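S.K.: For reference, the chains in residue letters:
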Amino acid sequence: MSKRDNSILIAVRNLTVYFPIYRGTIFKKKVAEVKAVDGVNFHINSGETFGLVGESGSGKTTTGRAILQLDQQTSGEIVFEGRDITRLDKQEIRHLRRKMQMIFQDPFGSLDPRMTARDIIGEPLLIHNMAKSKAEYRKQTDYLLELVGLNPSMAKRYPHEFSGGQRQRIGIARAISVRPCFVVCDEPVSALDVSIQAQIINLLGQLQEEFSLTYLFIAHDLAVVRHISDWIAVMYLGGIVEIASRKDLYDDAQHPYTRALLAAVPIPDPAMEAGRKHGMIEGEIPSSLNPPEGCKFHPRCPFAKDVCQKEPPSLARLTANEHWVACHLAS
Amino acid sequence: MPKLLEVKNLSTHFFTEEGAVRAVDGISYDLNEGETLGLVGESGCGKSVSALSLLRLIPNPPGKIICGEIIFQGEDLLKLSDTEICNVRGNRIAMIFQEPMTSLNPVRTIGSQIMEPMRLHKGMNKARALQECLTLLSKVRMPDRVNTYPHQLSGGMTQRAMIAMALSCAPRLIIADEPTTSLDVTIQAQILDLMKGLTRDFGTTLMIITHNLGVVARYADRVNVMYAGRIVEKATARDLYDDPRHPYTIGLMASVPRLDQEIRHKLGTMEGQPPDLLCLPPGCAFHPRCTYCTEQCLEEVPELIPVANNHEIACWVDVKKG
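Note that the protein sequences, when read in sequence, are chains Z and E. At position 246 of the first sequence (counting the first as 1) the number is 246 in the numbering used here, and the numbers step up by one without a gap. For the numbering used here, count along the second sequence from 1 and bump the result up by 331.
Hint data in this document are derived by calculation from the structure and do not stem from the laboratory. Here the structure is a predicted model, which means the values were calculated and not measured. Among these hints, one or two may not hold up.
Stated by the list, open to error - Computed footprint of chain Z on chain E, listed as stretches where at least three residues anywhere in the stretch have a Cβ under 8 angstroms from a Cβ of chain Z:
#1 493-503
#2 510-519
#3 566-576
#4 589-600
Claimed, not checked - Computed cross-link-like contacts, DSS-like style, restricted to lysine-lysine with a CA-CA straight-line distance of at most 27 angstroms:
#5 Lys651(E) x Lys277(Z)
#6 Lys597(E) x Lys651(E)
#7 Lys99(Z) x Lys134(Z)
#8 Lys339(E) x Lys410(E)
#9 Lys395(E) x Lys470(E)
#10 Lys395(E) x Lys339(E)
#11 Lys134(Z) x Lys156(Z)
#12 Lys651(E) x Lys247(Z)
#13 Lys277(Z) x Lys527(E)
What the hints assert, rightly or not - Far from chain Z, by Cβ distances over 10 angstroms, these chain E residues were calculated:
#14 Leu335
#15 Glu366
#16 Pro393
#17 Asp475
#18 Gly582
#19 Leu583
#20 Pro605
#21 Ile636
Beta carbons: idealized from backbone N, C-alpha and C, even for Gly.
Take these sequences, add in the hints, and give me the full structure.
M.R.: Okay, structure coming up:
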């Protein structure tokens, strides 16, 4: 698919993000913490796509935002191109943002309604001083519009004049305008219609080849993640429960939660659906304010044993080919 | 199977300042007793408006049902008086909406909202309604939630409450408008299995409106595919997935990544976007995006024609013959 040298571009070590909850107005007192991300480890190779899946509330978006330093981590390291970026000051972070960008989920909320398409796409160029003259600014923004499949004649339009798919294209053009090497895609297609989804997924693939981009692809749709990712991590209540290559994860899922997720995805073929069992797990994801003891998945797990209620399982390597699972019962 | 519902040439238009929006434009279909019908299409294709039209829930102005007949159990719903249609809503036809959080009343308990249709339509007293309500809540597997308010429940739970409410008067038909779109996959599977199981037990006919082709494959017996306010393909679920015939359906199927297929380098795509309903292209509304487009498609609107047993498409080109 893309150029790969297997060097690690970004490594996340023991990342935790806690959001404090305060009570009282004058004498603020911290009463609790939401453990949105709780000890997450993974790394992404240069030129690859790393998929992060999980249900809402599993902490996948917070992980993505913490990597870009949009949310402050509580502890842990984020090593980007060999440097721990959690120790950088504001000025340095600003420079770093040229290399790491984000594509947001909601194409309606993430574009400023008072800016034209050209200004939205061009703003990062101005911030990072990448357009020396007005003419060059125009040339570059025209090129970007064309690159994402929009007609440069639309540059003067405002976001409300575009459809959802077109807005998402503008969001993509803005993210790649400063030629980043790493892009966090936070549910980039989940708000779009089926036929538009395919267009955007293909566009992301094409841009990855052209600019050798590395993606962190956050999504809840397992079929989409499978299509686009090289490596996949499954998150549940702030922790990673399974990491594997695409082939291992989809052919040989080990964690009961991963299996349940895969079983829950309907396949568009009635003949296949007739023979499938889907409702594998009962209940809903618990609140991360008060997560269960031991393995966080045990209250919903059909295979839970005594040990699962007491000890939290650690992420352990299963086989030689980098398949990691956090489950007492996997072997 | 006897026919429960017959929709004939239904058109619902919205009259806006910029002109008439033909949201639903002459659709006809029928629904047999006890079956599950899927209505598929992308946003803006008129699938929700066509469902709201069945219960005459279209805000007027700007919307208006222009013409057509909706024959439900032998009577035309469009000819009923306002009081009579109120007796149908929630009683003989119930609806489950997409966003359970916004369709429940935030200042009333779940229990009182489930009891309301029974007290209104069946004239039950409070004690009797409460008893029924408890039975329903245990059927949707949340027995101890009578006195909770919607904000205290998760998305999946509020949707369960909506299902209990829809079932409360034992309606003949339940229309579920994108019932699981805002829910996670594992919860989606739970809710749909619950809904399918309960409607089977109650002998209720179900109409599922969705954009998710997988959901339709799993739960529907027959499927209508809509595009720009018209039905473009009608078939049994099996035929539709094994042998889609309308170019739009074929395009939709190709554009979905699937867990059971080899990974393709590129997804099949349909160029362009769904048309603006304010200024529909002449002829077949799909022709600007269609790869099989001919001269005739530019001028004449195709009607539904049978191509096989129980399989109709609205297309001038027989894709199979090329």
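S.K.: Run every hint past the structure and note whether it holds.
M.R.: Comparing the hints with the structure gives:
| no. | hint | in the structure |
| --- | --- | --- |
| 1 | 493-503 | violated (count 0) |
| 2 | 510-519 | holds (count 5) |
| 3 | 566-576 | holds (count 4) |
| 4 | 589-600 | holds (count 10) |
| 5 | Lys651(E) x Lys277(Z) | violated (34 angstroms) |
| 6 | Lys597(E) x Lys651(E) | holds (24 angstroms) |
| 7 | Lys99(Z) x Lys134(Z) | holds (23 angstroms) |
| 8 | Lys339(E) x Lys410(E) | holds (14 angstroms) |
| 9 | Lys395(E) x Lys470(E) | violated (38 angstroms) |
| 10 | Lys395(E) x Lys339(E) | holds (16 angstroms) |
| 11 | Lys134(Z) x Lys156(Z) | holds (15 angstroms) |
| 12 | Lys651(E) x Lys247(Z) | violated (35 angstroms) |
| 13 | Lys277(Z) x Lys527(E) | holds (14 angstroms) |
| 14 | Leu335 | holds (22 angstroms) |
| 15 | Glu366 | holds (14 angstroms) |
| 16 | Pro393 | holds (19 angstroms) |
| 17 | Asp475 | holds (14 angstroms) |
| 18 | Gly582 | violated (6 angstroms) |
| 19 | Leu583 | violated (6 angstroms) |
| 20 | Pro605 | violated (7 angstroms) |
| 21 | Ile636 | holds (24 angstroms) |
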